[in-house]
Amino acid sequence: MNSKEITTQISKAADFLNLKKWDYGASFSNDYSVQVDKGEAKQLKASQKQILTIRVWNQSNLVGITTTSDISESGIKKALKQANIASDFGNKNESTEFSPLAKDPIKVKEVKKRNPVGIKKLLTVLREAEVKLLESHESIKSVPYNGLSESFFERVYANSEGAFRSYSKSQAALYLYARAEEKNKKPRSSGSVKLGYGADDIDIESCVKEASSKTISHLNYSSIKTDKYLICFSPESFLTIINAFSSMFNARSIIDGVSLSNKNSIGEKLSTEALNIYDDGLHEKNISSTPFDGEGTPTKRLCLINRGRIENFIHSESTARIFKTTPTGHAGLGSKVSVSPDWIVVEKSDENFDLKTSLDHSTYEGEFVYIEELNAIHAGVRASQGSFSLPFDGWLYKNGKKISIESATVAGDFKYLLKNIVNIESSQEVTTSGISPHIWVDELSITGDA
Amino acid sequence: MLSSQIKSNEIVFGSCNKDLLEDIIFYGIGLGADFVEIFIENTDNSSVLAEEDFITSVSPSFGRGAGIRIFKGKKDGFVSTNDLTKRGLMRSVSQAIEMLDITDNKRELFNGLNKYRDYSLSKKKWINEVPSIHEISEKLLVSTKSLKKNNKIITRKGSYSRNLQEVIIASSDGTYVSDIRLHQTVGLNVIASDAQYRSSGSRRFGSSGMPNEFRLWDHEKAANDVFESSMNMLYADYVDAGQMPVVLANKFGGVIFHEACGHLLETTQIERGTTPFENKLNEKIAHDSVTAIDEGISEGSFGSLSVDDEGMEPEKSVLIKDGILKKFISDRAGELRTGHKRTGSGRRQNYSFAAASRMRNTYIAKGEHSKEDLINSISEGLYCKSMGGGSVGATGQFNFAVEEGYLIKNGKLTSPVKGATLIGEAKEVMPKISMCGNDLELAPGFCGSISGSVNVTVGQPHIKVDSITVGGR
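First to last, the protein sequences are chains C and B.
Per the numbering used here, the first sequence runs over residues 12 to 461.
Per the numbering used here, the second sequence runs over residues 743 to 1215.
It is possible that part of the hints are untrue.
To be verified - With a straight-line Cα cutoff of 25 Å, these simulated DSS-like cross-link-like pairs (lysine-lysine) come out: (1) K143(C) <-> K220(C); (2) K152(C) <-> K1174(B); (3) K1022(B) <-> K131(C); (4) K280(C) <-> K49(C); (5) K867(B) <-> K60(C); (6) K152(C) <-> K816(B); (7) K867(B) <-> K89(C); (8) K1022(B) <-> K1169(B); (9) K274(C) <-> K890(B); (10) K359(C) <-> K311(C); (11) K53(C) <-> K848(B); (12) K197(C) <-> K881(B); (13) K280(C) <-> K367(C); (14) K1154(B) <-> K143(C); (15) K828(B) <-> K49(C); (16) K848(B) <-> K88(C); (17) K194(C) <-> K1083(B); (18) K103(C) <-> K881(B); (19) K53(C) <-> K1174(B); (20) K197(C) <-> K1026(B); (21) K894(B) <-> K53(C); (22) K866(B) <-> K236(C); (23) K197(C) <-> K890(B); (24) K194(C) <-> K152(C); (25) K816(B) <-> K196(C); (26) K236(C) <-> K49(C); (27) K887(B) <-> K132(C); (28) K1026(B) <-> K196(C); (29) K867(B) <-> K88(C); (30) K60(C) <-> K194(C); (31) K1022(B) <-> K49(C); (32) K816(B) <-> K131(C); (33) K426(C) <-> K894(B); (34) K1069(B) <-> K1174(B); (35) K88(C) <-> K1069(B); (36) K1083(B) <-> K53(C); (37) K347(C) <-> K881(B).
Because the hints were derived from the structure by calculation, they are not lab data.
Keep in mind that this is a model prediction, so the values were computed, not measured.
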């Protein structure tokens, strides 16, 4: 059944059940992936998936929902019936409606749709990449985590008032995590991830080079003394921490009482005036972009922090209504509609006179800790309390030399971190989760083994 | 009804699908596969969320699908699909064969499926015995009401989820089984706040194969526990970082063993070359006081199962005996690639994942000491009463958040502390577990890894680690 047929089928079944108001979101995907182990194919995988989520409104305007992978005529009928039953338990305290923007025009990026290159080609490419990575340095003994995949999917949103959106795209991903071993030393591991619209678009060479250089750069390591340090966050690690605390900009989290912000936080000063943060799902560098959210609201660029102050929250339909504003295109379809950011862009604003511009990660000669990558986010972040304690990969720069740090954590409060930003470098870098320059923060606690 | 006499062109749950499954397997073997495995599932799930004094979400879901795995030598190809017709399943087999580039003429023997083992017979009534949405909602609302013990509690949540999974597993070694699995879990969470102070508390409970369990759940005791935890931590200071002895509480304290050591004993880690224990069988890897077990047979435990996702009955595996490494956790691919015998541990989240060697109910066995013995033996250290989540890096380093911690001074528990994380490496920490308590208890959890998220139990008695790095401020 294609998306038009599903819409017709749902409409017919809803009429039969006397359900006047409904909407649905569906996704259909074909995924192919390969993994290798020292030149041999390890696991080759293909999957065909379909997921349909239907919401119905009963006569009391309460909403019920059901999700199914059975997109047959009988599956659709069953899903509508179950959603109807679930609507008896709909949230009486907070109503849900269609997005008022569900029929607005959407911006679809002009991207040529790629065709599958096929498992054999994926395997050949990944084998070659693994060989190159193993040959790049004698200490790299294996590439235990690797994979090359390509996905082709379609997303659909439609409702009983005639809104219909459909969007299809392709995406490919390569990840290579190498393990280096040297005598009388602990094994070290690092890696790289690259995305593209198709497997042919992925920059294999740079993924190999990056995985190799990052792994080798950690071969000589040392413990670090527990203390407070000047920190330079890599673009990737800063985006990790912004995403981990994105509940600060999330209207759903604010209503639920699990955010550091409240309804009156718009305008609150969080950081130096030099800091701007946007959510920009449609950014040209965002390979994973989709033009509409789970409620059919168009995706758009939204300023979250403007010159250090909170400018906007991200919304679904219901949170926007509660906050007396419009949905922002960040909703996920569910019984309780979720809200989440798309793609964070961090920039230096024009008001950047208070920054210590001598702090540049490539030239600064004083002592500082460079945080390359933060780990264990799900365990070490207390978003509702604003605190974090996270292991990281990074280096200590001291006396003009850099040495990899063995097993350490960085801890602090998110608000303290934002308030203590002392420099935002000029040059931005594109990562898989957004764009950011290097960010310098004064006085964060590091726990080490020394 | 002798359903096997009916030739069906689609998998029918609750019926015998022997002929159809044999046709699919014959087809794969005929095309040159060494081994063909078919995993088919039908799910019926629901979840309910209560926030403050309202039900804010009821989410039913259902679905069906198949995962087909073909082995050729040590390579495997896996294809998943929602199409359960004969044509759809054969297409998936063809796709897997094509992926593996099988062209040789060598044909394995397939003598048909063995006698059907039906583990679901006594379980078909479960769907009618589990609590209704109405019953669940009422109890969740009573539970969240119980959390409202003072005005410092600003957020109260109760959540329930029920997963009913019917599976059919057939493979070219003759395996032909079906089973029904039921998992129920309920959790309570609070956030407390007073001026600039904030804390949270949470607890999760879970069972398998016990439709009545949610009705028996003592929500009042659970609410008291969560409330007390959040109040104790509300005004806690940040812990000072450093090396120190720690006592880890029983139940969910076992998450550290699960994450830091248990995963390193799965054959998938040997396949990758990422476990330091690969060549340590029958060697000492832990303190004499440590005996560790992984099993899938404890009645009602969250990680228990009648049969694993490869059709093998789970065994009780003694992983470590008195500090000596005795066994690895293995699945079919693990046995093929590493030589370690299968342990009934082939598990997957659902049909879209190939099974992998995964833990079930994993715990450190009880010792002879009381909790007080352990605490009294420490002059300055940390008591970790409740653990949060954690992770293990590619080189074996682990990091775990302490949700509720107390300083130990001169053998006594003193002030609560927050912000602590435990950092270390399994091979360095295991020899430092010097004392095990006599109060083994288990706790349910979800484990995410190569074959998706599976239900597990972690556990241990109170244990003492002589020295570990504690991250703080």
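Going through the hints against the structure:
1. For the hint pairing K143(C) with K220(C), the CA-to-CA distance comes to about 9 Å; that is within 25 Å, so the pair holds.
2. Of the supplied pair hints, the one linking K152(C) and K1174(B) is violated, its CA atoms being roughly 30 Å apart against a limit of 25 Å.
3. Note on K1022(B) and K131(C): the hinted pairing is violated, with a Cα-Cα distance of about 37 Å set against a maximum of 25 Å.
4. Straight-line distance between C-alpha atoms of K280(C) and K49(C) comes to about 53 Å, which puts the hinted pair past the 25 Å bound.
5. Of the pairs offered as hints, the one joining K867(B) and K60(C) is violated, with about 30 Å between alpha carbons and a cut-off of 25 Å exceeded.
6. The suggested pairing of K152(C) with K816(B) holds, with an alpha-carbon distance near 21 Å, which does not exceed 25 Å.
7. Pair hint K867(B) plus K89(C) holds up; C-alpha atoms about 20 Å apart against a cutoff of 25 Å.
8. Straight-line distance between C-alpha atoms of K1022(B) and K1169(B) comes to about 11 Å, which keeps the hinted pair within the 25 Å bound.
9. For the suggested pair K274(C) and K890(B), the alpha carbons sit about 23 Å apart, so the restraint of at most 25 Å is met.
10. With a CA separation close to 20 Å, the supplied pair K359(C) and K311(C) stays within the 25 Å bound.
11. With a C-alpha separation of about 21 Å, the suggested pair K53(C) and K848(B) falls inside the 25 Å cut-off, and the hint holds.
12. Between K197(C) and K881(B) the alpha-carbon distance is near 52 Å, which puts this suggested pair outside the 25 Å criterion.
13. For the hint linking K280(C) to K367(C), the alpha-carbon distance of about 19 Å falls within 25 Å, and the restraint holds.
14. Simply put, K1154(B) and K143(C) have alpha-carbon atoms about 57 Å apart, too far for the 25 Å limit, and the pair is violated.
15. Using a Cα cut-off of 25 Å, the hinted pair K828(B) and K49(C) is violated, with the two alpha carbons roughly 36 Å apart.
16. For the suggested pair K848(B) and K88(C), the alpha carbons sit about 47 Å apart, so the restraint of at most 25 Å is broken.
17. The hinted pair formed by K194(C) and K1083(B) fails the criterion: a straight-line CA distance of about 32 Å is larger than 25 Å.
18. Under the criterion of a C-alpha separation no larger than 25 Å, the hint pairing K103(C) with K881(B) is consistent with the structure, at around 18 Å.
19. Proximity of K53(C) to K1174(B) is assessed by CA-CA distance (about 37 Å); at most 25 Å being required, the pair is judged violated.
20. Of the supplied pair hints, the one linking K197(C) and K1026(B) holds, its CA atoms being roughly 20 Å apart against a limit of 25 Å.
21. The suggested pairing of K894(B) with K53(C) is violated, with an alpha-carbon distance near 54 Å, which exceeds 25 Å.
22. A threshold of 25 Å between alpha carbons decides the hint, and for K866(B) with K236(C) the separation of about 60 Å lies outside it, so the pair is violated.
23. With a C-alpha separation of about 50 Å, the suggested pairing of K197(C) with K890(B) is violated against the 25 Å cut-off.
24. For the hint pairing K194(C) with K152(C), the CA-to-CA distance comes to about 12 Å; that is within 25 Å, so the pair holds.
25. Proposed proximity of K816(B) and K196(C) is contradicted: the alpha carbons are some 32 Å apart, above 25 Å.
26. With a C-alpha separation of about 38 Å, the suggested pair K236(C) and K49(C) falls outside the 25 Å cut-off, and the hint is violated.
27. A threshold of 25 Å between alpha carbons decides the hint, and for K887(B) with K132(C) the separation of about 58 Å lies outside it, so the pair is violated.
28. Of the pairs offered as hints, the one joining K1026(B) and K196(C) holds, with about 21 Å between alpha carbons and a cut-off of 25 Å not exceeded.
29. Among the hinted pairs, K867(B) with K88(C) is consistent with the structure: their alpha-carbon atoms are about 24 Å apart, no more than 25 Å.
30. Our distance criterion of 25 Å between C-alpha atoms is broken by K60(C) and K194(C), whose separation comes to about 46 Å.
31. For the hint linking K1022(B) to K49(C), the alpha-carbon distance of about 23 Å falls within 25 Å, and the restraint holds.
32. About 17 Å separates the Cα atoms of K816(B) and K131(C), which keeps this hinted pair within 25 Å; it holds.
33. Among the hinted pairs, K426(C) with K894(B) is consistent with the structure: their alpha-carbon atoms are about 22 Å apart, no more than 25 Å.
34. Proximity of K1069(B) to K1174(B) is assessed by CA-CA distance (about 21 Å); at most 25 Å being required, the pair is judged to hold.
35. For the proposed pair K88(C) and K1069(B), the alpha carbon gap of about 50 Å is over 25 Å, so the pair is violated.
36. The straight-line distance between the Cα atoms of K1083(B) and K53(C) is roughly 20 Å, inside the 25 Å bound, and the hint therefore holds.
37. Between K347(C) and K881(B), the direct Cα distance comes to roughly 20 Å. Compliance with the 25 Å bound is thereby established for this hinted pair.
Comparing the model with each earlier hint shows violations of hints 2, 3, 4, 5, 12, 14, 15, 16, 17, 19, 21, 22, 23, 25, 26, 27, 30, 35; every other hint is respected.
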